[in-house]
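Colleague: Quick mapping for you: the protein sequence lines, in order, are chains E and P.
Those letters in the first sequence? Residues 1 to 236, per the working numbering, in order.
Those letters in the second sequence? Residues 1 to 206, per the working numbering, in order.
Treat the hints loosely; a few may be bogus.
[Unchecked claim] Over the 10 Å line for every Cβ pair with chain E, so calculated as not near, a few chain P residues:
hint, residue
1, Glu118
2, Leu121
3, Ser137
[To be verified] Computed list of lysine-lysine pairs in BS3-like fashion (alpha-carbon distance at most 30 Å, straight line):
hint, chain 1, residue 1, chain 2, residue 2
4, P, Lys7, P, Lys63
5, P, Lys66, E, Lys109
6, P, Lys141, P, Lys189
7, E, Lys36, E, Lys193
8, E, Lys131, E, Lys194
9, E, Lys194, E, Lys111
10, E, Lys194, P, Lys59
11, E, Lys111, P, Lys173
12, P, Lys66, P, Lys7
13, E, Lys193, E, Lys111
14, E, Lys194, E, Lys36
15, P, Lys7, P, Lys59
16, P, Lys7, E, Lys36
17, P, Lys141, P, Lys165
18, P, Lys59, E, Lys111
19, P, Lys7, E, Lys194
20, P, Lys7, E, Lys109
21, E, Lys36, P, Lys66
22, P, Lys189, P, Lys165
23, E, Lys131, E, Lys36
24, P, Lys165, P, Lys107
25, E, Lys36, P, Lys63
26, E, Lys109, E, Lys193
27, E, Lys36, P, Lys59
28, P, Lys107, P, Lys173
29, P, Lys173, P, Lys159
30, P, Lys107, P, Lys7
31, P, Lys189, P, Lys159
32, P, Lys159, P, Lys170
33, E, Lys193, P, Lys7
34, P, Lys159, E, Lys109
35, P, Lys107, P, Lys189
36, P, Lys189, P, Lys173
37, P, Lys173, P, Lys141
38, E, Lys111, E, Lys36
39, P, Lys170, P, Lys189
Quick caveat, the hints were computed from the structure, so don't treat them as lab data.
Here a beta-carbon is modelled for each residue, glycine too, at the ideal position from N, C-alpha and C.
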Amino acid sequence: MPDALAAHADAHGQSHGHAAHHPALQHHFETLEQQKEASTLGMWIFIIQEVMFFGGLFTAYMLYRIWYPEAWSEGSAELDIVLGGINTVVLIASSLTMALAVRAAQTGKQKAIVNWLIVTMLLGLTFLVIKGFEYEHKWALRHVPGLNFHAEPGQAPQVEIFLSLYFALTGLHALHMVVGFILLAVIAWMAHKKRFSPEWYTPVEMSGLYWHFVDIVWIFLFPLLYLVDRAHQVAG
Amino acid sequence: MSHISPKSVYFTIFGSLMALTALTVYVAFQHLGWLNFPVAITIAIIKASLVVLFFMHVKYSSKLTKLLVGSTFFFLASLFGLTMTDYLSRAWVTSPRGTTTAGMLPKLTAAELPAVSEQALANPEALFGATCGSCHSFTTKTAPTLAEIHNLYANDSAKVVEWAKAPMRKRMKFEPMPSFAHLGEARLKALAGYMLQQAAAGPPPQ
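Whenever a hint applies, use it, and build me the whole structure from the sequences.
Modeller: So, in structure tokens, the structure goes:
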């Protein structure tokens, strides 16, 4: 424990009339390990409800895909595989840098935590900018259901359903990215203020779990939205 | 203290995720028929598992955390499974030949086919029930109704015979209709005549 923390712990112990403990340890936990275990479980329960939330949308996606395979094929062909693929690489890379930020926290490398978090945020921002260009292109083509939708001649009318789900799924995913970005900004500030130590870095690790979860959602979105029936489109 | 993975583990996982991303794009352009979708989903599940186990440290977490994470997949499978058993079976039809989807309706065997005699063809009601009538009724939601067929063909039973021999798929909301060419011209003519006559007469009074 750094001297400043030790001094604080001593003062805290004297004022409480009980044994000195780490300043991050809350009184209803026995040890830091136990506290971290509780935080991890709580974070996972939050992630499970997120999984069920996206699961409902994925179920809608599955049903309509089975009912309107032609529309799914034609709708997916409207999406840009190159941009979707680049975003997949960018997001997985941001998961790597996030994992390295957590590792820096585990090993007590204060400067590295901040640096890796900033790289992660920049990659997240890159993803959102590319997504923004994709949305802008869709808007220009008048392919945004509910706002300016215009059906292409000869296409199955249910392409509109595909695009509705495309915007619902990628939009909610992008919203999660924005929330994650703000979260990482706060954590990076805390890391800059040297609030974490190898004994206590729970906020870094929990933000990491959230960021990786958002990455996993995209891992499913990419093949489900961009790669439908591509073999036939090339042949046809 | 918690497990600290060497950096090499993170780079290896990142490399694997990149390779799997390239693989899923490559596979999407291969003609695998119905297998394209399951292969894409399997690759995505492998990628997600790598992230969960190594980036999210579940491999080194307590048994309780592992159980909790595992339960996610249980709930997700329940959500998909229970919903799909309902929706996927909605287009099923029950005919005297059993319950199945229209496209999979087994063909009548030679022994089950009524003879091509004037007497048998004069009243093809039973044959209709085992074939066209399995899907086409006045109230069906899995195929065009008899009223719709009447609107399309009126008295043109030759068109109905033609369609029954080589059906196409006009509307995606219905299962594809199987060909009934194996019934033979005479039976198809009798069936088409019977169907259009029933359709013109309208639904039976309640």
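Colleague: Given the hint that P:Lys7 pairs with E:Lys36, test it: the Cα-Cα distance must not exceed 30 Å.
Modeller: holds (23 Å)
Colleague: Do the alpha carbons of P:Lys170 and P:Lys189 lie within 30 Å of each other, as the hint requires?
Modeller: holds (22 Å)
Colleague: Take a quick look at whether E:Lys36 and P:Lys59 sit within 30 Å of each other, Cα to Cα.
Modeller: holds (16 Å)
Colleague: Are the Cα positions of P:Lys141 and P:Lys165 separated by 30 Å at most?
Modeller: holds (22 Å)
Colleague: Against the 30 Å threshold, does the CA-CA distance of P:Lys107 and P:Lys173 hold or violate the hint?
Modeller: Between P:Lys107 and P:Lys173 the Cα gap is close to 23 Å, so the pair holds against 30 Å.
Colleague: Is it true that the CA of E:Lys36 sits at most 30 Å from the CA of P:Lys66?
Modeller: holds (15 Å)
Colleague: Run the distance test for E:Lys109 versus E:Lys193: straight-line Cα separation, threshold 30 Å.
Modeller: Given pair E:Lys109, E:Lys193 holds - Cα atoms ~13 Å apart, limit 30 Å.
Colleague: So if I understand the rule, the pair passes when the alpha-carbon distance is 30 Å or less; does E:Lys194 with E:Lys111 pass?
Modeller: holds (9 Å)
Colleague: Sort out whether E:Lys194 lies within 30 Å of E:Lys131, counting only the CA atoms.
Modeller: Distance ~34 Å between E:Lys131 and E:Lys194 Cα, so the pair is violated.
Colleague: Verify the proposed pairing of P:Lys66 with P:Lys7, using a straight-line Cα cut of 30 Å.
Modeller: holds (23 Å)
Colleague: Has the given pair, E:Lys36 with E:Lys193, been kept, meaning a C-alpha gap of at most 30 Å?
Modeller: The given pair, whose Cα atoms are some 21 Å apart, holds under the 30 Å limit.
Colleague: Against the 30 Å threshold, does the CA-CA distance of P:Lys173 and P:Lys141 hold or violate the hint?
Modeller: Judged against 30 Å, a Cα distance of about 9 Å means the pair holds.
Comparing the model with each numbered hint stated earlier shows that hints 8, 11, 23, 30, 34 do not hold.
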